[in-house]
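Visitor: Sequence:
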Amino acid sequence: MGDEVQYLTPQDLLPYLAEVHDSNLRCLEMLSDEQLDFRPAPEVMSIRQLFYHMYLKQKFYIQSIISREMDDSEYRNWLPFIPKNKEMLYSFIEGVFFETQELFEEPYWFTTTIETPAGKRPALHLILGDLAHQLHHRGQLFTYMRLLGLTPPDSGNFLGRERGGE
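Residue numbers (my numbering): 1 to 166.
Because the hints were derived from the structure by calculation, they are not lab data. This one's a predicted model, so the numbers in the text were calculated from it and none came from an experiment. Among the clues, some could well be false.
[Unchecked claim] No farther apart than 35 Å at their CA atoms in a straight line, the calculated lysine-lysine pairs in the DSBU-like style are these:
(1) Lys-84 x Lys-57
(2) Lys-57 x Lys-86
(3) Lys-86 x Lys-59
(4) Lys-120 x Lys-59
(5) Lys-120 x Lys-57
(6) Lys-59 x Lys-84
Assemble the whole structure, with the sequences as input and the hints as a guide.
Guide: Pasting the structure below:
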């Protein structure tokens with residue numbers, strides 16, 4: 001019939017996570033520092049807060065995998081430190097994704113279980129949970145960008161487009 005589909009390993013997920021991350025960075029690059037403070041209603045997060053929340057949660061999940069337990073005290077300690085400008089936000093986001101890539105370099109992590117409030121979970125569940133969390137907030141981000149008159153980038157490279165070119 002053609003190419004046989006193989007079972008995916010956790011490492012097979014990293015290229016897709018990198019595409020999502022790359023699209024997030026392209027969104028950030030399109031926004032000015034002033035636009036990062038945009039929020040469509042007073043009770044919702046600004047774009048800056050949204051980016052920070054997305055990647056702080058990713059950092060929390062990665063640290064939970066490494067420590068093998070979900071302790072949100074460190075996450076709560078980081079909450080007040082929202083990057084003040086676009087450059088700091090970009091650096092934070094890149095740093096968190098670097099930590100994610102490092103985790104994927106060692107397949108061992110994906111054989112562990114994590115103690116969570118819902119009981120023991122495979123580490124991969126946290127990665128998938130973070131992906132679902134990112135995709136949920138990307139919908140908000142894309143809507144905010146449309147409200148600012150910006151067209152968000154394609155959400156993936158499935159059309160064969162590489163970063164920097166069409």
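Visitor: Which numbered hints turn out to be false for this structure?
Guide: Every hint satisfied by this model.
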